[in-house]
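Colleague: According to my numbering, the sequence shown is numbered sequentially starting from 1.
Just so you know, not all the hints are guaranteed correct.
[Stated by the list, open to error] The following label-pair restraints were derived from C-beta to C-beta distances: (1) THR78 x PRO19: 25 to 35 Å; (2) TYR93 x GLY26: 30 to 40 Å; (3) GLY96 x ALA27: 39 to 49 Å; (4) ALA94 x ALA27: 18 to 28 Å.
The hints are simulated quantities; they were obtained by calculation from the structure and are not laboratory data.
Treat the numbers as computed from the prediction; the structure is a model and nothing was measured.
We put the CB at the ideal spot given by N, CA and C, even for glycine.
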Amino acid sequence: MTRFRFLPILLLVAACSVPSNPSRTGASGVTEIQLIDGRNCWNNRCLRFDSMNRSVSVAGKFPVRAPRDIDLRGGYVTEAEFARMFQTANMAYATGVGRR
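My request is simple: use the sequences and hints to build the entire structure.
Modeller: As structure tokens, then:
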């Protein structure tokens, strides 16, 4: 019984750290984050990206279009652009909520 007492604490600690996407340093010295179809994480912020529809979403929210001024063709975005995409996705309607 005492062996299982620490199991919830271990699960909580393991869930706190999210692996970040691969990154590189751009020509101007800015960190660029690689975007892939599916789940993308940076600084414990995760979003889902769909290159076919150019949409982003976060858990529990409907997908929305990525901001137009962000160039997604190269497969890399800056940290500021990733933060804007996350903010845009976070402002979407929650699933199960909306206009009637």
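Colleague: Now, for every hint given, state plainly whether the structure supports it.
Modeller: Each hint, compared with the structure:
1. THR78 x PRO19: 25 to 35 Å: 20 Å, violated
2. TYR93 x GLY26: 30 to 40 Å: 34 Å, holds
3. GLY96 x ALA27: 39 to 49 Å: Since the Cβ atoms of GLY96 and ALA27 sit about 44 Å apart, the hinted range of 39 to 49 Å holds.
4. ALA94 x ALA27: 18 to 28 Å: Given a distance of about 39 Å, which is not inside 18 to 28 Å, the answer is violated.
Checked against the numbered hints given earlier, the structure breaks hints 1, 4 and satisfies all the rest.
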